[in-house]
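Chains as they are written, first to last, in the working numbering: chain E, 38 to 381; chain V, 1146 to 1521; chain A, 3 to 460.
Quick caveat, the hints were computed from the structure, so don't treat them as lab data.
We treat Cβ as the ideally placed atom computed from N, Cα and C, and that holds for glycine.
Treat the hints with caution; some may be incorrect.
[To be verified] Here are the in silico distance ranges between beta carbons for each label pair:
#1 Ser1412/V - Arg379/A: 14 to 24 angstroms
#2 Phe1149/V - Val328/E: 49 to 59 angstroms
#3 Thr251/A - Leu1500/V: 26 to 36 angstroms
#4 Pro193/A - Leu1249/V: 29 to 39 angstroms
#5 Leu1500/V - Gln152/A: 49 to 59 angstroms
#6 Leu203/A - Ala356/E: 34 to 44 angstroms
#7 Val1318/V - Arg379/A: 51 to 61 angstroms
#8 Ser207/E - Ser1412/V: 48 to 58 angstroms
#9 Gln176/A - Leu1512/V: 52 to 62 angstroms
#10 Gly291/A - Ser181/E: 51 to 61 angstroms
#11 Ser1412/V - Pro193/A: 32 to 42 angstroms
#12 Tyr376/E - Leu295/A: 49 to 59 angstroms
#13 Leu1512/V - Leu271/A: 18 to 28 angstroms
#14 Leu295/A - Phe1149/V: 20 to 30 angstroms
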Amino acid sequence: MKRISILLIVTLIAVVALPLVSVQAQDGGLLAKVRERGNLICGINGGIPGFGFVDTANNTVSGFDTDFCRALAAAIFGDATKVEFKAVAAADRFTAIGSGEIDVLIRNTTFTFGRDAQQGAEFGPVIFYDGMSIMVRTSDNITSLEGLEGATVCAIQGTTTAQNVADATSGKVKVEVLTFENIDQVIDGFVQTRCDAVASDQSQLRAKKATSEKGGEWTILPNTLSKEPLAPAWKAGDAQWGDLVRWVVYATIIAEEYGVTQGNVESQLTNADLNPEAKRLLGVEGELYKVLELDQAWAVNVIKAVGNYGEIFDRNLTAAPLSFERGINALWRNGGLIYAPPYR
Amino acid sequence: MGQFLFVGAVILILGWLLNNMRIGLGDAGISISYGFLSNASGFQINLGLNELHSRTDTYANAFWIGFLNTMRVIIMGLVLSTVLGLVVGIARLSSNWLLRNLALVFIEIIQNTPLLVQLIFVYAGILPSLPGIRNAAELPGPSYLSVKGLAIPALNPTDSSTIWYLLALGGIVGGYMIWRARRKMRLDTGKVTYAAEIGLAIMFGVGAFTWLVMSLIGSSPFMVSLPRIQGFNYASGEGAIIPPELVAIIIGLTLYTGAFIAEVVRSGIQSVPHGQWEAARAQGFSYFQTLRLIVLPQALRVMIPPLTNQYLNLAKNSSLGTACGYAELFFVARTMSESVPVVPVILFVMVTYLLISLAIAGIMNVLNSRFQLKTR
Amino acid sequence: MTAQSNPIERPQGPTGIFSWVRRNLFKTPFDGLMTVIVGGVILSGLWSFLQWAINEARWSVITENFSTLMAGLYPTQESWRVALGLVLLTTLAGVSWGIWGRMFAATAITLVVGVILFILLPAADAATLGGDGFGRYLGEEVIPLFRVLQTPVLVLIGSLFVGYWVGRGAKAVQFKVAARVTMTAWFILVPITFLLVRGLLPNATVLPFVSTNLWGGLLLTFMLAFVAITACFPLGILLAIGRASKGPTVGKLHPPDTWWLQPQWWVRLLYHWWRGLGYYPLIKLFSIGYIELFRGVPLVTVFFTANLVAGFALGDTQVDAVVRAMIALTLFEAAYIAEIVRGGLQSLPPGQAEAAKALGLNPILTMLFITLPQALRTVIPALVGQFITMFKDTSLVAIIGLLDLMGMANGVIAKPGFTERKREAFVFVAIVYFVFSYGMSYAARQLEKRGSGAARRG
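Whenever a hint applies, use it, and build me the whole structure from the sequences.
So, in structure tokens, the structure goes:
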């Protein structure tokens, strides 16, 4: 019996201690940790065409959001494939950030005060300006919010839209809000007429409308009910990591401003006429890259891997079947809101 | 002593984990406390029968709604899965080849596929089979059945309902005591005392009678609220609405647990010696009488421990509401974790399930000891 | 639903199809009614399912995403490793079958017909079957599915057969040796498969490391189940021993009715309870606490904690999400295994352990060679039932965002073009789970027969 107890002790300790003996990261910032690990863990949405979905044809994950994950990996490692995609449910996003389950969350996540200040998250630059809308069946002849009296509005569990629809309708009309774990379940409920309306980000509604067989029978109400600025997020408290994510996003925007594309980035390196800001960005002039503790060619790697902001947008969203327009997501020069601070 | 070393190691590891958590949460600026419970949640939960969680209600209220929804599923599921398990278990031993094999196929299919998949199928299967709200089926009551759920008349308590509750409770207690007393009389004297009939009549008669009297004097304990269809939905606050999500999760859990209970019932019945069957049939008992009066009471002795396990599984499986959009406790907790610290939330959920499990196990243990005593 | 009231074998009546039908389907009027109703339900159910499967279902969601559903994002150039692992495991399963099982005519015929179908159908020209109705179904749905499945199914059936004949041969030569070798092979092969799929070292030339986050689909489901089953078994046994451990018999106390008014009785009862815990009260308490804690909470909350909350408590330590799910499943299921094994230990007559002691066997040997093997043999059905549950329970990782078979099916139906193909995807998932779970329980029943037979002979 005695020896059995020792056996028990050893095994139990071994099992309980198993997590402890695995990879011990060095103390330091998240960047050091990510480098140590050898890949970036990026929280994404696995179920929205155009933004993040399992691309079985190419045996990978594709989309607008996931391209920014790749951009980040390219900046850190010079290799856009060193990224681990982790699909997280909307409700679990901030849990995953807080517990360090993911290094960065690029998952059509709305930048809000509460999340920034209370939830221990920090947000980067907005990569997609979205707004909440409501999608209804055309045959129901609903044209405004008032027409929704008594309707069942479905939304995704744990999102700002689920709260915004309660806000937008409070005091005006009485609606029943039903939430599901993901957008597919929501659309399913809508198809089955369990839901009379779907409240979600316009980007998601349009993506689903464009890719569903019954999409032709649905209408997205024109009013934008809330601001939904979608931005990358990470765990608060790491300034270096924040700078890195922020400037990788800005790099894609600056590249678009100066016409640096995936195709011409190599030749631009030797282009003497290139704007000095772009030269600095590409590492041709100055040593700003040292501040970020990155490779000299980090921005070049980013552009080579995913292209500039416009290219990312076009590849994932402008292309069929989504056919989005740039709209407010055009560069500031073209009347949009996409704007990057100067790189100097 | 080795065991002290071992416990020391366990404590050390737990301490290390807790310390990490303290540091990690501190770094991220997250505080762990249940202070958030009294804050407004900002989200809305419409599932439930009458009660509703609006965005200005507190997190504590959201927990409460989630808990109620979970208990609803567990209690309904326990009753229904027991009934289904009994039927299928008995069918499994039927002499009818078709019935016996249908039961077998049902059990094999259910037992060999994941509950999560089954719940998705049940929910996806229920919705299309229901009519839209505009052509809702009207049932007696008046009740309505549509894709928005089953709407039935509801009884809303009034000012005088407390008095009625007390009176009805008194009737039930009194009736039960009379039942016991008359049964004892029968056992002592051998006279026919109609113990159950009189006892039951008093238990329910008092409640019904006082209700009638109170209604007649104009202070009815309950207001009947009838459901009504209005536009896209049932008019809110009128009648009670059983949402399809609740029905889906109850059906899903009932089918799943019922298949396992059926096997428990089958092996329980088979554990009763065949002599019992023969003796009972020889005495002129019919098949169902034999089953009900002779075999099942004996089988129960063997059945209760595995049955307890199945009941516990059902209670724990009720946490899969996410597969059909049902806002049970875990679902609500996940919704919350979007805006409040997750550690206290998940801790609360786990402790609640632990208490539910302990309660079920406790009740079944009492039942078990009762049965063991009775048969001795 | 009539009586099973004739346990004594009645002499067989006249044979023939009509009398069989009369005896088994229309014995009494009630029975006949039952048969008609049940038969009607079955037929209408089958009819509407076939109607859907042939006319409405579009199975391209499976055929076009087959490799993703099977192996997730596992790199294509490395996927031979998964295939090799699978072939090795199937061959070994075949060998075990050959040694312990029997080939029934029905099984053999099913397999042979399957092979013929899988050779012939994909070769057929789908275009000639065009049109609509059943022809379209065959041409557009069935044949592409068979084409996708052809190689894997043929290879697997082939290796199963090869293994079976090897097993038969080995059994004929030396049953005991063959049985031992096969048993050992199972214990070695599972970790080897794990290494094969996972790789040896990052950037190694031979078998480079494939990060677990690229595992997905059925591969991930299998790996979770395999690792958890292998790991939770010893842990569960240890917990069971810990909980079942006894000390010298402690007599019964007889406290007075008002013991709770007398503090000295509190102390006595507490001490008595402590003595009752045996020689290792702390370990026993730990085992009880562990088992009851894990058995009292839902698995999905354990996965949730392990994969989304545990990060808070792990500090700078990093563990792969998949590995954490494996650990969570192992810790959780160990509690259930422990209770099953404890049941087996308790069912043994105490004479076994006493006899061993009398023979001078030390406690550890007694446990290893006398009590434990007997206890385990009695609980084989319950253990296999738990393993099947475990296999099905892996589907819950989809809720916390891992892309197992279930999660991958969710991912696939989110793709443009497949959004209305939810049913097909989940029917496929259900069939896959069914095939493997049923296979496991079938094998267990065979083993059980074999095991009890051996016990009787020995």
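Quick rundown of the hints versus the structure:
Range check, Ser1412/V to Arg379/A: Cβ separation about 18 angstroms, and the 14 to 24 angstroms hint holds. At about 54 angstroms, the beta-carbon gap between Phe1149/V and Val328/E stays in the expected band of 49 to 59 angstroms. The supplied range of 26 to 36 angstroms is met by Thr251/A and Leu1500/V, whose beta-carbon atoms lie about 34 angstroms from each other. The given range of 29 to 39 angstroms is respected by Pro193/A and Leu1249/V, whose C-beta atoms sit roughly 37 angstroms from each other.
Taken as a hint, the range 49 to 59 angstroms holds for the pair Leu1500/V and Gln152/A, whose Cβ atoms sit roughly 54 angstroms apart. Roughly 40 angstroms separates the CB atoms of Leu203/A and Ala356/E, a value that falls within the hinted 34 to 44 angstroms. Between Val1318/V and Arg379/A the beta carbons are some 52 angstroms apart, a value that agrees with the proposed interval 51 to 61 angstroms. Checked against the given bound of 48 to 58 angstroms, the beta carbons of Ser207/E and Ser1412/V, roughly 56 angstroms apart, stay inside it.
For the pair Gln176/A and Leu1512/V, the supplied restraint of 52 to 62 angstroms holds, since their beta-carbon distance comes to about 53 angstroms. The hint said 51 to 61 angstroms for the Cβ distance between Gly291/A and Ser181/E, and at roughly 59 angstroms that hint holds. Look at Ser1412/V against Pro193/A: about 36 angstroms separates their beta carbons, and that is inside 32 to 42 angstroms. A beta carbon spacing of about 53 angstroms between Tyr376/E and Leu295/A agrees with the range 49 to 59 angstroms that was offered as a hint.
The supplied range of 18 to 28 angstroms is met by Leu1512/V and Leu271/A, whose beta-carbon atoms lie about 26 angstroms from each other. Evaluation of the 20 to 30 angstroms hint for Leu295/A and Phe1149/V yields a pass: the beta carbon distance comes to about 21 angstroms.
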